[in-house]
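The primary structure of each chain is shown beneath.
Number of protein chains: 2
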Amino acid sequence: MAPQLSFQLVSFLLLLAGTSVAATYPKTAGLGIVRRSMISGYDVDLPPEFVTYYYTQTLDHFNYKPESYTTFEQRYIVNSRYWGGPNASSPIFVFTGHEADITGVLSIAGFVVELASHFQALLVYIEHRYYGDSMPFGSEYEAFQNASTLGFFSSTHALADYAQLITDLKRNLSAENCPTIAVGGSYGGMLASWFRLKYPHISCGALASSAPILYFDDITPQNGYPVVVTKDFRDTSESCYNTIRQSWSEIDRVAAEPNVLSKLSQIFATCLPLNSSEELKSNLEVLYWVSAQYDNPPDNPVENLCNAINGAAEGTDILGKVAAGLNGSIGPPCHHMFDLKPSNKDGWTWQTCTEMVMPIGNGDNDTMFQPSPFDLNNFTRTCEGLFGVTPRPHWITTEFGGHEIKSVLGNFASNIIFSNGLRDPYSAGGVLQNISDTVVAAYTEKGAHCLDLLTPMASDPDWLVSQRDTEIKIIQGWIAEYRATRAG
Amino acid sequence: MAPQLSFQLVSFLLLLAGTSVAATYPKTAGLGIVRRSMISGYDVDLPPEFVTYYYTQTLDHFNYKPESYTTFEQRYIVNSRYWGGPNASSPIFVFTGHEADITGVLSIAGFVVELASHFQALLVYIEHRYYGDSMPFGSEYEAFQNASTLGFFSSTHALADYAQLITDLKRNLSAENCPTIAVGGSYGGMLASWFRLKYPHISCGALASSAPILYFDDITPQNGYPVVVTKDFRDTSESCYNTIRQSWSEIDRVAAEPNVLSKLSQIFATCLPLNSSEELKSNLEVLYWVSAQYDNPPDNPVENLCNAINGAAEGTDILGKVAAGLNGSIGPPCHHMFDLKPSNKDGWTWQTCTEMVMPIGNGDNDTMFQPSPFDLNNFTRTCEGLFGVTPRPHWITTEFGGHEIKSVLGNFASNIIFSNGLRDPYSAGGVLQNISDTVVAAYTEKGAHCLDLLTPMASDPDWLVSQRDTEIKIIQGWIAEYRATRAG
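Respectively, the protein sequence lines represent chains A and B.
Using UniProt numbering, read the first sequence as starting at 1 and increasing by one per residue.
Using UniProt numbering, read the second sequence as starting at 1 and increasing by one per residue.
Calculated directly from the structure, the hints in this document are not laboratory data.
In this text, all values refer to a predicted model and were calculated from it rather than measured experimentally.
Hints are supplied without guarantee of correctness; some may be wrong.
Which copy is meant is left open, so a pair is good if it fits within one copy or across any two.
To be verified - Okay, derived cross-link-like pairs now, SDA-like style, lysine to any residue, Cα gap no bigger than 25 Å in a straight line:
| id | residue 1 | residue 2 |
| --- | --- | --- |
| 1 | K473 | T397 |
| 2 | K341 | D460 |
| 3 | K65 | E142 |
| 4 | K170 | R253 |
| 5 | K231 | F137 |
| 6 | K65 | K341 |
| 7 | K170 | E404 |
| 8 | K473 | N327 |
| 9 | K65 | T380 |
| 10 | K65 | T156 |
| 11 | K231 | S90 |
| 12 | K446 | D339 |
| 13 | K406 | T438 |
| 14 | K446 | C271 |
| 15 | K231 | S249 |
| 16 | K446 | D469 |
| 17 | K65 | L422 |
| 18 | K281 | I474 |
| 19 | K446 | D252 |
| 20 | K170 | N411 |
| 21 | K473 | H118 |
| 22 | K406 | W248 |
| 23 | K263 | Y54 |
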């Protein structure tokens, strides 16, 4: 049985980094525990222009029960180095935090700093509730006790947090007349676009990078994600694709032999003995997903991986080739296998178990993976076991829409950029066509997940530079329009 | 001291009726108890084309605590008499229930039936949670126990109720391709417009009648409402206005004499002896408010009232004139005084005590009433005493906007009609200018509260017929646009 795709895939949303798979895979491919270690890794001293604040946030925006009036301290980080100030009506860029410690984005998502510099803007990074240091009930330990303490952990609350914090912050800064633009990536990109849709009075535009807002309900085919992974590999190398495609049944065939785990452990140079062949397959599958999701220059992880597979010594069998691929991606001396079981101490797992139900699955023969359709019943049972909650698979489309988005938003809404890289498997659930003159798609053929948000580098290819220039030009228009309508 | 304006005024939102003050005042001018008797009055057998259903609704849409999964039975009423059905993509008009038993609107708001007939549409009236028969926890008694049971009673939940119910209903009717238009009046009109803004994927347009969405925070001057009341009276009769304006100090002067309540009771022909002169003043003030709010033809209550005041026998003193006005409006033989104290068993009082904080007050010499500025501290203390909750006076503008609405929505949103009658004091907080080509204001100089929604009659003046024709024409455009974008 393949790993539980929907839990695992979505957990990658937290990866904003586009650095090489070799660097990120060991830290990020797993779930809760792995992630937290990654978060700790981010938690370094901030550069002096980034100042940390805490906002006393309403726990429950939509109810008025006595407990709803409880508050928690929400972290936000401000960079005012470039800001022209309220008298100049200089813009404010709000980074709508995603499912991670907010400090993690500071060193990675450098494009927002470039935006701030270009527009003399204030930068405000807001941490999403229940991540990082923004824990209700005083601590992560308390917040993750059970469904009663986790119960306030939802996307609508996150958006309302942003609304309330920004409104108060602008008032305190006398910056009510400063155009405010939401920026986010992945789940944070969904939040940025939803924020513009739900709170147009607070945000005059949104840059939503790699936001798969259409990967809910039946809008996007379930195999959208693995089909793109497969395409990335097949476009890179037909033989590499064939090797991977054949490897699963080969692992199954070998695994059917008695006492074979030590042999598999040896072939794949695992640091610890494998517990099962499923453990191996899950880890390999995740490696391919991550490689595709971050298949960006200059590292080009899919090409690296395929080069390693294809470059195995002549006569190497399929398992040997796949093992060579693993080694080529992760490097020697040995390979840690990650525990990919969902955890009830993981925030994103909670979110997928409640409302962020992205039905991602492999069909028969439509990908290079073994069949593993999304099974809502299984998924529900798992969530009930983990948290005692039942997922609401239709809630996101009820609350935020998604069906027939071009018709719905064609004459409603404005000023949203949906940016994508088509190598990113999540682009399958992204907005890839212009919805109107001002709700537009900006994608690159060769980019992957959240690439445009990363810190610009001299080595960036022209198509990436061009994508970012397009975004700046569009945002320039929003700001000009904002000023024109306020002046008029 | 004048009555607590903000509690009382908003309670009138529930009045959709445009029938004469003589008919409605005794039933509706008060708060909780009075209202419930009115509701009971509505609760008659429905005509056969109106069929009642109950939807199992989620209690808490935005949280995922164990109790959030509790459900309640939400009442909705369907009239399918005119519907062309899903194959014809015939429209659906959804009446977004306001702060009242939903059955009350059926016999009054006949314009929606005309809309259904004109457009071969399905009519769905959805009752607002915590009103009428749509009580969480099984009964009104249980629902109104305390802030814990009332805590789920908010406008955002009401909107999410509508979203979920409509989405499910359309799926069940295979009516996903039927354009759906929200219609509501007063608070229900606010909900209709907010529903279009927040759920454009569910509603392709909204007719928001007499919706004072700008009567929050500091957007509209606090005295907006009483200033319009005053203008209505002064425009009708300068001497009537002067009599009323002078009457308050005259009552105070008389009331300062010893043992005067029996004398006042006699002058004003109260059915029971007055408890205080404040009781008299409050009831008179409310009478003037209601008369202005429903100052429509053919009854023209302000003119009636002023005729009675001005027609008092020569030599009648000020109190006698005002008493003649009361008698002219309410009729003999005696006049009930209503207990205008806010009640913790009243739904709208809960809503004003939590989020629907409309800061309405009289300033000095700017109205025909005594000064009575809105006092948030007082208001807060009252709410804390009633329910143990603290109002959130900035929440509505944070969640729904309102400031700079023309700039904010000028290039965002579409297909909303804000209809008003300028004699309605609530029009002071309404949208009275076109925001864009498709978010438009349609008002009449001579109409009052929710007049356009009332059942059309042969005696309707031309300007009212014209207002409704304009609305039909605009809605026709929405439906055509909807079909064009879906066909394309």
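Okay, the hints, checked on the actual structure:
{"no.": "1", "hint": "K473 - T397", "result": "neither (31 Å within a copy, 31 Å between copies)"}
{"no.": "2", "hint": "K341 - D460", "result": "neither (37 Å within a copy, 69 Å between copies)"}
{"no.": "3", "hint": "K65 - E142", "result": "both (20 Å within a copy, 15 Å between copies)"}
{"no.": "4", "hint": "K170 - R253", "result": "neither (63 Å within a copy, 49 Å between copies)"}
{"no.": "5", "hint": "K231 - F137", "result": "neither (45 Å within a copy, 53 Å between copies)"}
{"no.": "6", "hint": "K65 - K341", "result": "between (36 Å within a copy, 23 Å between copies)"}
{"no.": "7", "hint": "K170 - E404", "result": "between (35 Å within a copy, 15 Å between copies)"}
{"no.": "8", "hint": "K473 - N327", "result": "neither (43 Å within a copy, 69 Å between copies)"}
{"no.": "9", "hint": "K65 - T380", "result": "between (29 Å within a copy, 16 Å between copies)"}
{"no.": "10", "hint": "K65 - T156", "result": "both (18 Å within a copy, 15 Å between copies)"}
{"no.": "11", "hint": "K231 - S90", "result": "neither (44 Å within a copy, 43 Å between copies)"}
{"no.": "12", "hint": "K446 - D339", "result": "neither (31 Å within a copy, 72 Å between copies)"}
{"no.": "13", "hint": "K406 - T438", "result": "both (12 Å within a copy, 18 Å between copies)"}
{"no.": "14", "hint": "K446 - C271", "result": "neither (34 Å within a copy, 84 Å between copies)"}
{"no.": "15", "hint": "K231 - S249", "result": "within (20 Å within a copy, 84 Å between copies)"}
{"no.": "16", "hint": "K446 - D469", "result": "within (16 Å within a copy, 54 Å between copies)"}
{"no.": "17", "hint": "K65 - L422", "result": "neither (46 Å within a copy, 38 Å between copies)"}
{"no.": "18", "hint": "K281 - I474", "result": "neither (44 Å within a copy, 59 Å between copies)"}
{"no.": "19", "hint": "K446 - D252", "result": "neither (34 Å within a copy, 81 Å between copies)"}
{"no.": "20", "hint": "K170 - N411", "result": "between (30 Å within a copy, 22 Å between copies)"}
{"no.": "21", "hint": "K473 - H118", "result": "within (11 Å within a copy, 47 Å between copies)"}
{"no.": "22", "hint": "K406 - W248", "result": "neither (40 Å within a copy, 60 Å between copies)"}
{"no.": "23", "hint": "K263 - Y54", "result": "neither (53 Å within a copy, 62 Å between copies)"}
In this structure, the hints that do not hold are numbers 1, 2, 4, 5, 8, 11, 12, 14, 17, 18, 19, 22, 23, in rising order.
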